[in-house]
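Asks: So the protein lines, in turn, are chains A and B.
Per UniProt numbering, residue 1 is the first one in the first sequence, and the count goes up by one each step.
Per UniProt numbering, residue 1 is the first one in the second sequence, and the count goes up by one each step.
A portion of the hints provided could be inaccurate.
Unchecked claim - The calculated EDC-like cross-link candidates involving lysine to aspartate or glutamate, where the alpha carbons are at most 20 Å apart (straight line), are:
| id | chain 1 | residue 1 | chain 2 | residue 2 |
| --- | --- | --- | --- | --- |
| 1 | B | K73 | A | D191 |
| 2 | A | K194 | B | D74 |
| 3 | B | K167 | B | D193 |
| 4 | A | K194 | B | D193 |
| 5 | A | K194 | B | E128 |
| 6 | A | K121 | B | D151 |
| 7 | A | K209 | B | E101 |
| 8 | B | K185 | B | E63 |
| 9 | A | K209 | B | E63 |
| 10 | A | K194 | B | E101 |
| 11 | B | K130 | A | D191 |
| 12 | A | K194 | B | E25 |
As the list claims (entries may be wrong) - Residues from chain B that keep clear of chain A, each with C-beta distances beyond 12 Å, as calculated:
| id | residue |
| --- | --- |
| 13 | A71 |
| 14 | D74 |
| 15 | M90 |
| 16 | L97 |
| 17 | R116 |
Claimed, not checked - Label-pair ranges, simulated between beta-carbon atoms:
| id | chain 1 | residue 1 | chain 2 | residue 2 | range |
| --- | --- | --- | --- | --- | --- |
| 18 | A | P189 | B | E315 | 36 to 42 Å |
| 19 | A | W204 | B | T220 | 30 to 36 Å |
| 20 | A | Q143 | B | Q209 | 41 to 47 Å |
| 21 | A | F151 | B | N8 | 29 to 35 Å |
| 22 | B | S236 | A | R16 | 56 to 62 Å |
| 23 | A | W204 | B | S2 | 15 to 21 Å |
| 24 | A | W204 | B | S236 | 46 to 52 Å |
| 25 | B | N8 | A | P189 | 30 to 36 Å |
| 26 | B | F13 | A | G142 | 38 to 44 Å |
Read the hints as simulated data drawn from the structure, not as lab findings.
Please read all numbers here as calculations on a predicted model, not as lab measurements.
Where a beta carbon is used, it is the ideal one built from N, C-alpha and C, also for glycine.
The chain contents come next:
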Amino acid sequence: MADIALSRVEDHEAVRASRRRGWTRAVIYGLLTVFALIYVIPLLVVVFNAFRAQPEIARNGLIAFPQSFQPDAWVAAWDNYCIGGTCQGMKRYFYNSLLMTIPATIISTLLGAMNGYILSKWRFKGSDVLFTCMLLGVFMPGQIALMPWAFILGKVGLSNSVYGLVLIHVVQGISFTTLFCRNYYVSIPDDLIKAARIDGAGFWRIFFKIILPLSPPILIVTVIWQFTGIWNEYLFGVVFTSGTQQPITAALVALTASGTTASAYDVMSAAVLIGAIPPLLVYFLGGKYFVRGLTQGAIK
Amino acid sequence: MSSLTVRNLRKNFGMVEVLKGVDLEAKTGEFIALVGPSGCGKSTLLAMIAGLESVSSGEIWIEDRLVNSVAPKDRDIAMVFQSYALYPTMTVRQNMLFGMESRGVPKAEQVEAIKRVAALLQIEPLLERKPGQLSGGQRQRVAMGRALVRDPKLFLFDEPLSNLDAKLRVDMRTEIKKLHHRVGKTTIYVTHDQVEAMTLASRIAVMHQGEVQQFADPDTIYNRPANMFVAGFMGSPAMNFIPARFTETGGPALALSGAPSAAPLGVAPAHAASVAPGRQVVLGVRPEHLCRYALQTEERKANLARLTVPVEVVEPTGAETMAVMRLGEQEIVGRFNPDEAPRMGEEIELGVDMTRACLFDPETRRLI
Ligand SMILES: Nc1ncnc2c1ncn2[C@@H]1O[C@H](COP(=O)(O)OP(=O)(O)O)[C@@H](O)[C@H]1O
Ligand SMILES: [Mg+2]
Numbered sequence: 001m002a003d004i005a006l007s008r009v010e011d012h013e014a015v016r017a018s019r020r021r022g023w024t025r026a027v028i029y030g031l032l033t034v035f036a037l038i039y040v041i042p043l044l045v046v047v048f049n050a051f052r053a054q055p056e057i058a059r060n061g062l063i064a065f066p067q068s069f070q071p072d073a074w075v076a077a078w079d080n081y082c083i084g085g086t087c088q089g090m091k092r093y094f095y096n097s098l099l100m101t102i103p104a105t106i107i108s109t110l111l112g113a114m115n116g117y118i119l120s121k122w123r124f125k126g127s128d129v130l131f132t133c134m135l136l137g138v139f140m141p142g143q144i145a146l147m148p149w150a151f152i153l154g155k156v157g158l159s160n161s162v163y164g165l166v167l168i169h170v171v172q173g174i175s176f177t178t179l180f181c182r183n184y185y186v187s188i189p190d191d192l193i194k195a196a197r198i199d200g201a202g203f204w205r206i207f208f209k210i211i212l213p214l215s216p217p218i219l220i221v222t223v224i225w226q227f228t229g230i231w232n233e234y235l236f237g238v239v240f241t242s243g244t245q246q247p248i249t250a251a252l253v254a255l256t257a258s259g260t261t262a263s264a265y266d267v268m269s270a271a272v273l274i275g276a277i278p279p280l281l282v283y284f285l286g287g288k289y290f291v292r293g294l295t296q297g298a299i300k
Numbered sequence: 001m002s003s004l005t006v007r008n009l010r011k012n013f014g015m016v017e018v019l020k021g022v023d024l025e026a027k028t029g030e031f032i033a034l035v036g037p038s039g040c041g042k043s044t045l046l047a048m049i050a051g052l053e054s055v056s057s058g059e060i061w062i063e064d065r066l067v068n069s070v071a072p073k074d075r076d077i078a079m080v081f082q083s084y085a086l087y088p089t090m091t092v093r094q095n096m097l098f099g100m101e102s103r104g105v106p107k108a109e110q111v112e113a114i115k116r117v118a119a120l121l122q123i124e125p126l127l128e129r130k131p132g133q134l135s136g137g138q139r140q141r142v143a144m145g146r147a148l149v150r151d152p153k154l155f156l157f158d159e160p161l162s163n164l165d166a167k168l169r170v171d172m173r174t175e176i177k178k179l180h181h182r183v184g185k186t187t188i189y190v191t192h193d194q195v196e197a198m199t200l201a202s203r204i205a206v207m208h209q210g211e212v213q214q215f216a217d218p219d220t221i222y223n224r225p226a227n228m229f230v231a232g233f234m235g236s237p238a239m240n241f242i243p244a245r246f247t248e249t250g251g252p253a254l255a256l257s258g259a260p261s262a263a264p265l266g267v268a269p270a271h272a273a274s275v276a277p278g279r280q281v282v283l284g285v286r287p288e289h290l291c292r293y294a295l296q297t298e299e300r301k302a303n304l305a306r307l308t309v310p311v312e313v314v315e316p317t318g319a320e321t322m323a324v325m326r327l328g329e330q331e332i333v334g335r336f337n338p339d340e341a342p343r344m345g346e347e348i349e350l351g352v353d354m355t356r357a358c359l360f361d362p363e364t365r366r367l368i
């Protein structure tokens, strides 16, 4: 008897508590939905406009659901739209961006892995000071380096060239890649290195046979970070290249500024989306590993 | 012939002197244990022998070669780490191959070595697994296997059993002893566990604060410890240290400073030479050298001094029973056969085996 009475009281309490939880939950979900919309709506507007015909945009305004889906703007944006006098669409700038981003990502990631390996496993006098100096690069705004880079690019003959941008992004990226890799490698036990040294392995063999095979999680992180960062970067592209040498971000600026009479919102939207596809693709393919790589240590 | 000779070895980390002139020597085939409390410099010493730490001063000889500045891979050593340090991305087989591949050992020889060692350690079924898929004991075996595939002059072990649970530790200890018996390689074995040192080693170096306190065979270390540190560190429960003073009451005897009311203990003939009336000493008595006086044979009683003390705590462990007794201001621990064990609160008449007791100088803390 006593048991039953007691459990009934508990039931009341539980119901009240769960009702309270229900309310809190509704508020949380409501807020989250609002914020998610704030992020998603601009993307939706651009996506819709890329599929709407220009007359329809002119008639119904920028924010509206497409009445029919047209691929024309995509073809124009990719292939033959005129930007600053040349009518080749975005494709050439898209290639420029790939040509810049892929080598810069690979080189800066490999250099970061080497640096991280040395700074964590082959410490020398002053290596911590060196690391601190490299960290400064993480916090340094890019515009500070504009004038020195202008000077250097001129000296080495890489002005107005995609390869000049590769050089810039490799150097500017090293502090990040080094930071990522070094912090990951310190969690690899030093005993592994000692065992390998006794086993007769040297600097390179240890790097390629022991460190690199343990590295995929952090290499994925640095590759994603570098790829999206370099692809989306725009300041160096605008300042150091012009005309056919520009990466896609810089070309998009030229597109909005090109003196056609009426703004072609449909083509612009498609062009912006073309420019956004690679980083989005990288995010969708690798985002999961990005979070995992940042949070997990080298050895489970 | 000596496999390893260490002379006056010193190591500084910045201002801190971690090793203060260590001398050590291992004859070919010998099993040397380095034992001491955590932080005394054992691992540093081993790492210097391996070439993983630089030498501040002194000499390290492996056989007839001065190796102070020889790289680890050229010292002809193999090492087993406390953390096992197995390469996590490689299989057991690849782990064992790694060193041979680095050294360019011919393929046929590599295969042969793996076969031999896998059979020796019974790890054939594990060869294709990764370290992450092995239990602690299996990893331990593989770590030893990796050291054994080479035929080094010197085996170095750094606390190889510390990460195993108690039962497995005892089993592996026996295995290591068997293995050493079979392989016969000179071995330097670091441990903080005095039981491991006693059971495995042909000679033990007891270290404390960067110095070797005593380097001798286990029997000498246990029965004739060079100083109070060695006496206290080796053996569990630890040796009882009882402050005393020589008196002359019809034959040499020791009056106990902490318990003036107790009758002086007669000194064994072996210690007679050190008797000087009035001299302060520390009497060291191992727990197993205390017994219930009344139960001893007449023959044995001749060597026993008598002491009556109250029993404060009794701790049975099954095979034997420890008793904590009060002697004036201090406590002493005795180890008894369960049949003869005292009861809590009992006033027991103890026999103290004076022939086995040690006398220490309270100033220098050295054995007299
Ligand atoms: N790389 C190092 N830098 C500074 N001090 C160290 C270093 N390695 C060891 N020590 C110090 O040296 C002493 C001995 O260490 P270690 O040889 O690891 O002791 P054990 O193995 O006997 O526990 C410790 O006090 C430790 O803090
Ligand atoms: Mg140690």
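Asks: It remains to establish, for every hint, whether it holds in the given structure.
Replies: Evaluated hints:
1. Distance restraint check for B/K73 and A/D191: the Cα-Cα separation of roughly 15 Å lies within the 20 Å cut-off, and the hinted pair is therefore satisfied.
2. Between A/K194 and B/D74, the direct Cα distance comes to roughly 14 Å. Compliance with the 20 Å bound is thereby established for this hinted pair.
3. Among the hinted pairs, B/K167 with B/D193 is consistent with the structure: their alpha-carbon atoms are about 14 Å apart, no more than 20 Å.
4. Among the hinted pairs, A/K194 with B/D193 is inconsistent with the structure: their alpha-carbon atoms are about 24 Å apart, more than 20 Å.
5. Distance hint between A/K194 and B/E128 is unfulfilled; the C-alpha atoms sit about 24 Å from each other, more than 20 Å.
6. About 28 Å separates the Cα atoms of A/K121 and B/D151, which puts this hinted pair outside 20 Å; it is violated.
7. With a C-alpha separation of about 12 Å, the suggested pair A/K209 and B/E101 falls inside the 20 Å cut-off, and the hint holds.
8. A threshold of 20 Å between alpha carbons decides the hint, and for B/K185 with B/E63 the separation of about 13 Å falls inside it, so the pair holds.
9. Taking the CA atoms of A/K209 and B/E63, the gap is about 32 Å. The hint is violated against a cut of 20 Å.
10. The hinted pair formed by A/K194 and B/E101 meets the criterion: a straight-line CA distance of about 17 Å does not exceed 20 Å.
11. The suggested pairing of B/K130 with A/D191 holds, with an alpha-carbon distance near 18 Å, which does not exceed 20 Å.
12. Proximity of A/K194 to B/E25 is assessed by CA-CA distance (about 24 Å); at most 20 Å being required, the pair is judged violated.
13. The beta carbon of B/A71 is not kept farther than 12 Å from every beta carbon of chain A, the shortest such distance being approximately 8 Å.
14. With a least beta-carbon separation of about 8 Å from chain A, B/D74 fails to lie farther than 12 Å from that chain, contradicting its non-interface assignment.
15. Look at B/M90: its CB is around 8 Å from the nearest CB on chain A, not clear of 12 Å, so calling it non-interface is violated.
16. Distance check on B/L97: its Cβ comes as close as 10 Å (rounded) to a Cβ of chain A, failing to clear the 12 Å threshold; non-interface status is violated.
17. The beta carbon of B/R116 sits about 18 Å from the closest Cβ of chain A, which is more than 12 Å, so the claim that it is off the interface holds.
18. Separation of A/P189 from B/E315 is about 39 Å and conforms to the stated range, judged on CB atoms against 36 to 42 Å.
19. At roughly 49 Å, the beta carbons of A/W204 and B/T220 sit outside the given window of 30 to 36 Å.
20. A beta carbon spacing of about 57 Å between A/Q143 and B/Q209 contradicts the range 41 to 47 Å that was offered as a hint.
21. For the pair A/F151 and B/N8, the supplied restraint of 29 to 35 Å is violated, since their beta-carbon distance comes to about 58 Å.
22. In this structure the supplied range 56 to 62 Å holds for B/S236 paired with A/R16, their Cβ-Cβ distance being about 59 Å.
23. Taking 15 to 21 Å as the suggested C-beta distance range, the pair A/W204 and B/S2 does not conform, at roughly 36 Å.
24. Range check, A/W204 to B/S236: about 48 Å between beta-carbon atoms, so the 46 to 52 Å window is met.
25. Distance hint check: the CB atoms of B/N8 and A/P189 are about 32 Å apart, consistent with the given range 30 to 36 Å.
26. For B/F13 and A/G142, the hinted distance range of 38 to 44 Å is satisfied, since their beta carbons lie about 42 Å from each other.
Figure legend: structure checked against the earlier numbered hints; hints not met, in rising order: 4, 5, 6, 9, 12, 13, 14, 15, 16, 19, 20, 21 and 23.
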